[in-house]
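Here is how the chains run, residue by residue.
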Amino acid sequence: MNRSPTSLVDTVGAGAAAPAACADRGVAGSIFNIQRYSIHDGPGIRTTVFFKKCRLRCLWCQNPESQQEQPELFFNAEKCIGCGRCEKVCPEGAITLRDGRSWTDRARCTGAGACVEVCPQGARSLMGRVASVDDIFQEVSEDAIFYQESGGGVTLSGGDPLAQPEFALAILKRCKEAGYHTTLDTCGFASWHAVETIMPYVDLVLYDFKHMDPDKHKQYTGFSNEPILRNAKGIHHELKVPMRARYAVIPGYNDGVENATALADFIANELDRSIPVDLLPFHKYGGAKYQRLERVDELADTSPPSEAALTALRDIFLSRGLTAKVGG
Amino acid sequence: MITTSSQSLQKPSTFTAADEMSPRIRRLKERLYVDRYPLSIEKSRWQTQAYKASDGEPQIIRRAKSLACVLDNIPIFIEDDELIVGQGSAKPMGLELDFYAGLWPRDEIEGLREAGYDISPQEETEILDMNAYWQKFNPLPRLGEDASEEMWGFLKSGMVLPPWKSRTDGPGGGYAESGLGLGPGFYLMTVDFEVALQQGLLALISDAEKRLTAIEYAEKDALERAHFLKAAILSLRAIIGFAERYADLAQTMAAVEADPARRAELEAIAQICRRVPAHPARTFREAMQSFWFIFLMITPSPTASMGRFDQFMNPYFEADLANGRLSEEEALELLQCLRIKDMQLNRTSGKAARQKNAGMAKWHNMVIGGVTKSGEDATNPLTYLILEAVRRLPTAHHTVTLRVHDGTPEPLMKKALEVVKMGTGMPAFIGDRSYIAYLLDQGVPLEEARNYAIGGCLDVTLPGKSRTAAVGMFIVSMVLEATLLNGVVRRTGDAVGLSTGKFEDFKTFDDFYAAFKAQLRHFLKLHADKNNAELLISRELFPDPVRSVLMDGGLAEGKALLDRTYLLENGALLNMVGMINVVDSLVAVKKLVFEDRVVSQAELIQALDANWQGREDLRRRFLEAPKYGNGDDYADQIAVDLFDYWADVAASLRSCLGGAHKPTGISVSSQWPGGAQTGATPDGRFAGECLADGTMSAMRGRDLKGPTGLMNSAMKISQNRYQAALFNIKFHPSAMQSDEDLRKISFLIRTYFARGGKHVQFNVVSREILLEAQKHPEQYRDLLVRVAGYSAYFIQLGKAMQDEIIGRTAHTGAG
Ligand code: SF4
Ligand code: SF4
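Chains as they are written, first to last, in this note's numbering: chain P, 1 to 328; chain V, 1 to 815.
Among the hints, erroneous ones may be present.
Within a straight-line C-alpha distance of at most 27 Å, the following computed DSSO-like cross-link-like pairs (lysine-lysine) qualify [to be verified]:
1. V:Lys775 x V:Lys799
2. V:Lys730 x P:Lys284
3. P:Lys233 x P:Lys218
4. V:Lys230 x V:Lys465
5. P:Lys176 x P:Lys233
6. V:Lys559 x V:Lys220
7. V:Lys799 x P:Lys284
8. V:Lys730 x V:Lys799
9. V:Lys421 x P:Lys284
10. V:Lys775 x P:Lys284
11. V:Lys210 x V:Lys220
12. V:Lys530 x V:Lys559
13. P:Lys216 x P:Lys325
14. P:Lys325 x V:Lys414
15. V:Lys373 x V:Lys465
16. P:Lys325 x P:Lys240
17. V:Lys517 x V:Lys502
18. V:Lys29 x V:Lys421
19. V:Lys775 x P:Lys79
20. V:Lys421 x V:Lys799
21. V:Lys421 x P:Lys325
22. P:Lys173 x P:Lys233
23. V:Lys799 x P:Lys79
24. V:Lys559 x V:Lys507
Restraint ranges, calculated between C-beta atoms of paired labels, are given here [as the list claims (entries may be wrong)]:
25. P:Ser303 x V:Ser600: 50 to 58 Å
26. V:Pro92 x P:Ser303: 46 to 54 Å
27. V:Glu768 x P:Leu97: 36 to 44 Å
28. V:Gln637 x P:Gly93: 42 to 50 Å
29. P:Gln121 x V:Asp511: 35 to 43 Å
Hints were generated in silico from the structure; no laboratory data involved.
Source: prediction; values computed, not measured.
For glycine and all other residues, C-beta sits at the position ideal for the given N, C-alpha and C.
Start from the sequences and build out the full structure, keeping to the hints where you can.
Structure (structure tokens):
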């Protein structure tokens, strides 16, 4: 396995280096939401911290606002009345007015958000903020009594928490000190060193498998699946962290029998039959987010998979002796 | 950790979603939904005739004679398919006008026509004539004409809904079914059904007769007791006679019935009605029929409680099951018939109160689960069956409330949540810990406290042993306005409050806060005076022999229910509406005006006067100030303090029936009319906008941390001091899909109740609500679509996606 003695960010993929790990409590990172009463991201009642930044670029990403590390501008054209206040304050000169609404030159936009403050319509908002480990720990602790009774805890999701490994590590350590159950929702695209350092503080991994074919994986997400599959094996066999496999079923991309069979075989043979599989059907809730980011939604014409298709896919997993269900 | 009791692991229901309604229930249900309802004046005719004939006799005797006259004469009918018989009206789905529940002047009748009721012009004339007679039983002028100037200003202000228009006519409309607390209908009490079912009414009659002959006329109250006992005997005999009329009718119908199956059913009905309620019930079916006759007699009270139904009915059910007399399916059908019977009882409010009560105004609450008197889990097979009956027939009535304690079995919670998923908001969940703590605090012995039931929507009662007067709707936000305006009620311009000084002159928040509390105490005192006057007038005009007898020791005591003292004198209530808006407003004023000093006092007053017009920027600041419902101490501490203060004030205000006033928080739907009467408030609310719903709930769209964040706020409040504390949570259906989802909601409920929560009701977000959210996104900022690994609020979704979700979402309720 690759090892890097210093930073947790290395070897796989690009991505800016995270600040060097200092005292954990001072660590800060970038998140875009903290969702309370999360019930589909691990056992019991949970709080999910949605991290910014992910190194993959899945075409079907349903949280596209999570991909970049910096805050990104959400713009709701339906609300804009073209008053021009935003144009006046933008320090980058990124905004122009045309056809009764504002237009933002995304290449120039830095996401600093001066426009957000002045918009009388609430048409502009920023997705993402820097939060300290303290802030996050304080918020997730508010529901501690609910975790206790339900066997719940804290889930880190994103984006990919492993893309900000020091930050993730610091939060996880704090949560474990407090006795909370921790879940990590990840696509597994990280250095082994990061994985190995973080996993001792994780009680459950929700591991996303995008595609079993390395070329297709590269085509759809930008990278090969090789480190992902390798990390999965390491997490299961070496680190022995309980895992649930997650398979987002995207019609026309990864819902073929061949791919599902390969995934089922991989889990059953290379990992373990005890690992449950959740089939998460593609949904269209993310569409509006692309509009607000003023990006193209590559899957605008893709429909959610049918019940029958999902059942057929699930049966492939069942036939390998795995436990599988549709939905988180 | 939560323990689930194993000692009483009841068989969880084996029914699946595939079990459908039987054809019988389907047909009965279809007949419930009619385009227009008939108004019927049969009852009022016989009431009037009896009253005219008994002029000069004691009120309680007149009341009994009037009941007897109605029961002997009102036309009766048995509908096809019915297994339980007994109608509350002479016409199918009819609304029987009843003078005990108010007068019906022309504009009220017109209002009913508009609301979908039919009455012939000739009957309308007859009603108006009778009104003239009943005018002398109208309590409104008594209250209005004796009111001091200050009280008159208070009545007029509408601070207690609805506002009065004149001293003689009150709010107008002859207080028709208003729930003003006037008239006999609205006490919140649970009669002792067990006595009626187990002993039969004949036993009560012979007891009454013995007591009547044993009366010592040397006692001061001898005559009063004799009148009471005579009235009791008359009433009980009349009820038995009414059952016999049904027996005769069933027999006659059987004789001409062609279908042998139906003929057998009618013959069985005849036999049962000859037996009960005169004699003790022997079977589940007899018990159901006996229960229904008794229940009919305590309605049309809109707040009649069905008591701890699973507790007193289960012995009959289990015995029948063991003997093979009855199958589970048959019992289930009878339970659904009971739901149908309650749906047939047509109830409405007068115009002034109709909005307050949103639709059919009745709260016939059946309480299930909880603990036994000795503290064991009380769940039994019937508990599950009652829930299954709601699942199969999810009508709006009767209401079901589930008592939850630490040992409530998880399968029961699951069953209940499966019913919640249907979207009727039923069952409501209530916490034994908080209810029992309240009762112990009132001096009720533990065993009795554990036996509590619910009357009205959430009000605590002890079966046979408590009485609570009707719940007034006190609009707290109007007190805040009066404080900002130095004692003047904004709506009327009357100076009904104290002169606590101009808002612009307050130097510190504490001074302003103290002024608000002084105003609040002042207005609550007026409210308490009004409550007491109403009770005293009702006691004189409307003694109620039936319910008096059916209370614990009713015959031995020999007094009408308002002349007695019960184990729990739950007095008159002080009920808050819009308190959370006041909390949020005070928090915002504290922060922005007195602490951060970013807004001047004069500026705020101007902005409120202008309903925020031209001051959108200011409104936004006030909206962004900390809000109750997010677990934020800064906001919550004012809520905690005000709820305690309210309880303290209540405890200092005596009730004429004994004991003190009791604090409560039940808004029903008064947040709408209450909001309409309140101008703009510093929580960022516009003038006329609806107030916060419930009591523990946050203002719509102001809680942004989900159900746990909201509960974190609500759990800080001393709910144990409150006799009820309404708390509604809405859930998008995506949060209630799998069994696992339901289990998590069960944990949510248990955690809340383990830490002082009193009530929670889940409203699965319906299509209507989502459409609303599309229109008013700012009020639905908290509506989360819960999908694994995905983060979005409903209002952030694109229009097309929203439409798609709406298309997939069920309408509210199923009937
Ligand atoms: S890994 Fe997840 S967050 Fe990252 S781009 Fe792919 S779908 Fe989006
Ligand atoms: S300030 Fe807001 S409303 Fe005005 S042009 Fe910019 S985005 Fe549109």
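So, going through the hints one by one against the coordinates:
1. V:Lys775 x V:Lys799: Distance of about 11 Å is within 27 Å: holds.
2. V:Lys730 x P:Lys284: Roughly 23 Å separates the two Cα atoms, so the pair holds.
3. P:Lys233 x P:Lys218: holds (20 Å)
4. V:Lys230 x V:Lys465: Distance ~23 Å between V:Lys230 and V:Lys465 Cα, so the pair holds.
5. P:Lys176 x P:Lys233: Status holds; Cα separation ~24 Å.
6. V:Lys559 x V:Lys220: Measuring from Cα to Cα gives roughly 13 Å; hence the hint holds.
7. V:Lys799 x P:Lys284: holds (12 Å)
8. V:Lys730 x V:Lys799: Holds - the C-alpha atoms of V:Lys799 and V:Lys730 are around 21 Å apart, at most 27 Å.
9. V:Lys421 x P:Lys284: holds (24 Å)
10. V:Lys775 x P:Lys284: holds (21 Å)
11. V:Lys210 x V:Lys220: Within the cut-off at roughly 19 Å; holds.
12. V:Lys530 x V:Lys559: Holds, at about 24 Å.
13. P:Lys216 x P:Lys325: Answer holds: P:Lys216 to P:Lys325 is near 25 Å, not above 27 Å.
14. P:Lys325 x V:Lys414: Measuring from Cα to Cα gives roughly 20 Å; hence the hint holds.
15. V:Lys373 x V:Lys465: The hint holds at about 14 Å.
16. P:Lys325 x P:Lys240: Holds, at about 23 Å.
17. V:Lys517 x V:Lys502: At roughly 15 Å apart (the allowed maximum being 27 Å), V:Lys502 and V:Lys517 satisfy the hint.
18. V:Lys29 x V:Lys421: Answer holds: V:Lys29 to V:Lys421 is near 21 Å, not above 27 Å.
19. V:Lys775 x P:Lys79: holds (13 Å)
20. V:Lys421 x V:Lys799: holds (26 Å)
21. V:Lys421 x P:Lys325: Roughly 21 Å between the alpha carbons, so the hint for V:Lys421 and P:Lys325 holds.
22. P:Lys173 x P:Lys233: Given that 27 Å is the threshold and the Cα spacing comes to 23 Å, the pair holds.
23. V:Lys799 x P:Lys79: Satisfied, since the Cα-Cα distance of roughly 12 Å is no more than 27 Å.
24. V:Lys559 x V:Lys507: Violated, because 56 Å separates the two Cα atoms, which is more than 27 Å.
25. P:Ser303 x V:Ser600: 50 to 58 Å: holds (57 Å)
26. V:Pro92 x P:Ser303: 46 to 54 Å: holds (49 Å)
27. V:Glu768 x P:Leu97: 36 to 44 Å: Taking Cβ atoms as reference, V:Glu768 and P:Leu97 lie about 38 Å apart, which means the hint holds.
28. V:Gln637 x P:Gly93: 42 to 50 Å: Holds - the Cβ-Cβ distance for V:Gln637 and P:Gly93, about 46 Å, lies within 42 to 50 Å.
29. P:Gln121 x V:Asp511: 35 to 43 Å: Holds, at about 38 Å.
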